[in-house]
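Participant: Here is how the chains run, residue by residue.
There are 2 protein chains.
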Amino acid sequence: MPRKGKRWIFAKHFDGFPKISDMRLEEFDIPTLKDGEVLLEAEYLSVDPYMRPYSARLQTETVMIGQQVAKVIESRNENFPVGTWTLVSSGWTTHTVSDGKGLIKMPLPEGVPRSYAIGSIGMPGVTAYFGLLDICTPKAGETVLVSGAAGAVGNVVGQIAKIKGCRVIGSAGTEEKCEYLKELGFDEVFNYKTTKNLDAKLKELAPEGIDVYFDNVGGEFATTAVLNMKLFGRISCCGAISGYNLKEPEKLSAIYGKMVFSQLKMEGFIVTRYQPRWAEAITALAGWVKEGKIKVREHKTDGFENMFKAFTELFTGANTGKAVVKV
Amino acid sequence: MPRKGKRWIFAKHFDGFPKISDMRLEEFDIPTLKDGEVLLEAEYLSVDPYMRPYSARLQTETVMIGQQVAKVIESRNENFPVGTWTLVSSGWTTHTVSDGKGLIKMPLPEGVPRSYAIGSIGMPGVTAYFGLLDICTPKAGETVLVSGAAGAVGNVVGQIAKIKGCRVIGSAGTEEKCEYLKELGFDEVFNYKTTKNLDAKLKELAPEGIDVYFDNVGGEFATTAVLNMKLFGRISCCGAISGYNLKEPEKLSAIYGKMVFSQLKMEGFIVTRYQPRWAEAITALAGWVKEGKIKVREHKTDGFENMFKAFTELFTGANTGKAVVKV
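Here the protein sequences line up with chains P and Y, keeping their order. According to this note's numbering, the first sequence holds residues 4 to 330 in order. According to this note's numbering, the second sequence holds residues 4 to 330 in order.
It is worth saying that the hints were derived from the structure and are not from the lab. These figures come from a predicted structure and were not determined experimentally. Do not rely on the hints blindly, as some may be mistaken.
Note: identical chains are not told apart, hence a pair may lie in one copy or across any two.
[Unchecked claim] Here are the computed lysine-lysine pairs in the DSS-like style, where the Cα-Cα straight-line distance is at most 27 Å:
no., residue 1, residue 2
1, Lys250, Lys233
2, Lys108, Lys199
3, Lys7, Lys233
4, Lys199, Lys312
5, Lys254, Lys206
6, Lys206, Lys250
7, Lys254, Lys233
8, Lys165, Lys250
9, Lys167, Lys250
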């Protein structure tokens, strides 16, 4: 009798907000290992907002994409003996057969929770690190605005900006998230959902304008932030979550004249471009976490069968910090 | 009897399209020179699109801003003897008294028409040079799109892009301008006013996407161009002429998701930031003009009393090339 694993199949392209009928949870037979292969068992799986726009390029009837923390439970590869903890991008599956290519040994030191390797000391943290420091080059004393600040990337952006001596303004969608951001040391926080006039709010919190805007949300929020930037302001476009589930693109005020006359720089990025410098970010982030300068918060969902629920909660504002699923 | 000069007074802030009643042509008494001063007489005055948005910051009842080519006709300053040709930013006036500060001696070699110093080998040319080369770093073989391509800046952008080995697409608003761009060597040109579906047109002319977009117009055109950029595309925001005379900002499709997932860079600039490297651009541009690699076309208006007409023609599409007024 072959052993069974479970996986989530991307069955249908999302149309607007993802529906449970767009995906399928199924069992599969775990194949017998060939020479050089290992069998991995997932411990923590990551759900991230990027999965929504990326899904447009996926073929249906394939396993949904994503990264996980997994343990080698059977090995025919001497580089990865049984018991080795790894990071693998094999998607929403409990078990993975790997020939070792692209398989990363757990980069975190002992004593740091393994789930951080898919969070603040993993892809989302590295995204925050380069998206803020490389694209926006913030200087001490500058005003940094972060949207989606209670999310996996946003909270790290704000904390790095504080480490660099900036004045940090964060926005989030619930009072509880705003409290969390205050605990993290953000200088100013506000609930964008209860803010009637965002333009007036930004002018109140940054009367001389915003030097750096780290955009996780796009849409009307991003446009209003851009229109409130200071001369030579920098904008890092990291995500546009407000638009991911829209069927028609939003209509927003023009920003081109503002781009010219305030001499703004806006750059979009995907963190994979920083692959050659990945270790630099991991080292810095792990150091800040150990020193307590970056506090980590996770939104944990139990049970592989709840992957889809954890995924859609990214878009309803239900989670604070990094969303992970524990098998 | 004091000698008389003429000047255009900015009498009222423009509201929408500039009206002749917003300005006033008047005579003034030319003061007697003090020690160290010179009297300049304008030969060519520049009218440029930037004057419209900049006017919002001007005080009323001052002389309208702008640069001119002027000759020293009286001198009490040994650095600028009578007969010296200069560039001066004294605005829309036939006569200027200067103490020599900020007064620039004509930088062009003999044999080059002096009016080029306020055109292709002056501010608009330098704008094209840095806005394309410094902000967009075009590489040979890349596809470059220029809007407002028949304008003072746009035509030079296209010609520099050709010099750098790019494939150049230009847009303009009349058939006559499109013909002009073909003569300049643009690979593809189109009349945006008669193009029913701009998105389809860009996809036809750049099926693999646009590497570099030099934006002179803003608005719907810019948004459509951004949405057709290739991975790692660069956008130089130089002007947004389509919006300068609008009373309400346009509503445009969101570009933030595209910025992220195509990893685009967009930067606005004002050419004065390149002041320390000005000579580099002038030297390059003068060289290309002499070699015939940059062809110069001017839209000359005769008569100082026609300044306002020449200015508003920038926004009605009446001029091709650099607009200058000859006194």
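Participant: All hints are to be evaluated individually against the structure, with a verdict given for each.
Facilitator: Consistency of the hints with the structure:
no., hint, verdict
1, Lys250 - Lys233, "between (33 Å within a copy, 23 Å between copies)"
2, Lys108 - Lys199, "neither (48 Å within a copy, 55 Å between copies)"
3, Lys7 - Lys233, "neither (57 Å within a copy, 43 Å between copies)"
4, Lys199 - Lys312, "neither (30 Å within a copy, 44 Å between copies)"
5, Lys254 - Lys206, "both (22 Å within a copy, 22 Å between copies)"
6, Lys206 - Lys250, "between (31 Å within a copy, 22 Å between copies)"
7, Lys254 - Lys233, "both (24 Å within a copy, 22 Å between copies)"
8, Lys165 - Lys250, "neither (37 Å within a copy, 40 Å between copies)"
9, Lys167 - Lys250, "neither (39 Å within a copy, 41 Å between copies)"
In the structure shown, a violation is registered for the earlier hints numbered 2, 3, 4, 8, 9, in ascending order.
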